[in-house]
Amino acid sequence: MPLTPRAAWWTAWPVLTVLLRRALQAVPVLLGAALFTFVLTRVLPGDPAAFLASGPGAGPEAIEAIRHQLGLDRPLYEQLGRYLLDLARGDWGQSFTTGQPVLSDLMQRLPASLELTLLAFGLTLLLGLSLGTAAALGPGTWRDHLCRACCSVGSCLPAFVAGLCLIQLFYVQLGWVPEPIGRFDMVRVPPPPFTGFLLIDTLLSGDLDGWRVAAGHLLLPALAMALFSLAPLARVTRASLLTVLGSEPLRTATALGLPRRQIVLHYALHNALLPIITTLGLVFSYMLGANVVVEKLFAWPGIGSYALDALMASDHAPVQGFVLLVAALFVAVNLGIDLLYGVVDPRTRHLQ
Amino acid sequence: MQRRSFLHTGGSAGLLMTSLAASPLALAQSRTDSVRVLAEGTPNSRDPHGEGVSRESLGTFTNVYDRLIQFERTRLPSGVYRYDHTRFRGELAESWSSSADGRVLTFKLRHDAQFHDGTPVTAEAVKWSLDRAVSLPASKRQLATGSLTQPSQFTVLDPHTLRITLERADRYTLPNLALTFASVLNADLVRKHATAADPWGTEWVKNNAAGGGAYQIESWTPGQQIVYARFDKWKSGALPQIRRAVFQVVPAAATRSAALQRADADIALQLPPREIDTLVEQGKVFATSIPVTNTFRFVAFNTRAKPFDDVRVRQAVAYALPYTNLFRGASLGHGAALFGGPGGEPRQAHFPQPYPYDTQLQKARQLLAEAGLAQGFKTSFSYSVGDATISEPAALLIQEALAKVGIEISIDKVPAAQWGTLQTEKKLPFFIDTSSAWFNEPDYFFRIFFQGDWRWNFGSFDNAELTRLLEQARWETSQPKYDALIKRAIQIAWRELPILPLWLPSFELASAPDLKDFTYYIHGQVDFRTLVRGGAGKN
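Same order as they appear, the protein sequences are chains A and B. Using the working numbering, you'd call the opening residue of the first sequence number 1 and step up by one each time. Using the working numbering, you'd call the opening residue of the second sequence number 1001 and step up by one each time.
Be careful, since some hints might not be right.
Residues of chain A placed beyond 10 Å of chain B at every Cβ, according to the derived structure [unchecked claim]: (1) R21; (2) G71; (3) L127; (4) F194; (5) L208; (6) T279; (7) A299.
Taking lysine to any residue pairs in the SDA-like style, the calculated list, with each CA pair at most 25 Å apart, reads [as the list claims (entries may be wrong)]: (8) A:K296 - B:T1389; (9) B:K1413 - A:L311; (10) B:K1235 - B:P1222; (11) B:K1427 - A:L164; (12) A:K296 - B:G1041; (13) A:K296 - B:A1388; (14) A:K296 - B:A1416; (15) B:K1284 - A:Q168; (16) A:K296 - B:K1140; (17) B:K1426 - A:E64; (18) B:K1140 - A:G99; (19) B:K1140 - A:R67; (20) B:K1284 - A:L164; (21) B:K1206 - A:Q94.
FYI, nobody ran anything at the bench for these hints, they're computed from the structure. Here a beta-carbon is modelled for each residue, glycine too, at the ideal position from N, C-alpha and C.
Only chain A is shown next, with the shape it has when bound in the complex (with noise of 0.2 Å):
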């Protein structure tokens, strides 16, 4: 549709007035994750100066002087300001278990789990929906025996364990994939790093082969996470489509004699979509949050098992960093959520 410059000044607008306000929302929200993690770590058992003074015959002073070194010693209120000081100044803290800052292993690591959480979301997606519209257009035939059986199934197996059986079949019995381990094959140089998704940057680099390494690799862990994070989307679009093609101005179209093809696709799905955009909206925080297990089975480089490595070593700048990355993750993605909201259901612009 032809707009004039005028429309297109107005319809500009309000996205970006959103934007900003939910820009300065985002601050309290990260401030906040900021002091809960700070309070968390410092209430959780476990000594990181005694931890790291655990070899044999570590006396009191030598724990004494490791707690110093980390500043463990000063009162709470003046390592919380410090704290928050250094975030301002882009400063995350060490990580005393890689010997690196934390911001650049967290940068380092963010593209391996978005990547794979990515991938693993567009497979829920393609799998979750079409399961769920052919469920919801036959209610009671084999696709909807079908639905039900694959998300009591996704939903009753664990991560791991779908993993795992992922693993024996494809790699162990069949050898169709490559090995289970880590992002890419290990034999080759991976591609020049222009936005760490390893599938884009192989492409960028011409190297086909390797991108075909890296899907290999991409497809097993994509899969266990999709397997397990189906079940909610697929039951929702089935429920939510009921529901709309049950409703009054469907079977008025029905009545009218529009083709169903016409009636499914443009009309009941466009309406079955709001409830369908909030679960994948939950869908896709949970499994940013959730792939730790996925990551320790695969060998996968990413931030989630990076975070429970930390947290397994008391070592607390990688637990603070890893939280407050994904709570901006997840501000980010309820942004995303509540814009497209917008784009499909015009009543609610006018309540952004």
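For this one, chain A is given, so just place chain B on it according to the hints.
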């Protein structure tokens, strides 16, 4: 297949890879000189004297640094080797001699040895390294057990001769010098990075290897993988066959095992007994259990607090545990039992050896009644989540068995990060764990685990007679007298039960069928120097 050629040619030659892999000759060659190890944990330091280093780091130190001497090894029936803690051979030292009274050790260094940057290895560098070792706390604690405590004990006689002076002859000096704590560092290189606040350059060495060992670190990705490349000018032994070794962290045991089965990996470390049994059944890879004599699985009591301050209660538990079920159920029978021994006078003076206890519920009830606890009691039983593979089933079996004599235990899973703190502070009444000592000699073992105000005295035990026996045994040079002292000490441990050993675990090796001559050391890591692949011996 391509992996091997990569290992052979190096990361920078990645473009050549495909063509190399296509040639059968290149393929055969590269397969014989590379190795890929998958492990659960990760090395976290390159400083052999560092604080808080992980067990995997000991493997790094072994391969990257040389020491004056190293342990000899003996061949086991399965074809793999096991280090011998009583015999030594030179590494940087060409020869060494001891004075008649054993107080002065003189080491002659080989003349051709050099560090990775080409600097020759001199007696001065060795002295500086040993000075550093006895000045930094972690290494000092260990080396002190071999009477190595002061820099003044190390004297440079000439560029290739070093003298070590001891207060008195000590049977633990040589074994300590063969440990990674006595590694030799490139003194000139480290000194360049030392600061006034950090005179030994600990911050720098933590992230930078400064050695002259058989392998150099080619790449180090924290928490993920380490690539080692052979140092071709290494002189302290025959040039190793393995040119390139990759150590990768794969946290899930099932994944490590799968990669080994598919021949994508050559050695999988830290596989639990169940995985090993499966691999043995399938027969596609080489798997063997190497008996370990200085690591043991045990339950410990807090002997300073009720109710376990009463020896009768500890003995009651010792008679109530379901040993056979525990050993089969938790460890799947891997290892050597430490229960059901004959009792009376110990036949041999080694330790640990089977304790004279087995499951006799009647005796357990009787002992509890004598202790005034005929009705039983409640307590908690703890284990570390990091050790859950073995500890969790064991804890459940123990809970079930003790309920039969009226002891009700609540199982307490402790996060791995907290475990050390709780043990150090002696806050656990009753727990299961595993531990090991660097050396096998009983007096050394007893000093670590049955006395002292530290974490390793798991039972918080204090016994005047035992202390006296151990002091005598420490410097006893006559073997029969030493044995007599130790046998008395063992009887005290049996009777008093500060801890109750259950079994000796075994080191489980799972490797590619063509990989030969693996050598087991106490740290259970891989020494790439001794490995041989396939028919390489004939080339």
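Hints that the structure is at odds with (numbers, increasing): 7, 10, 11 and 16
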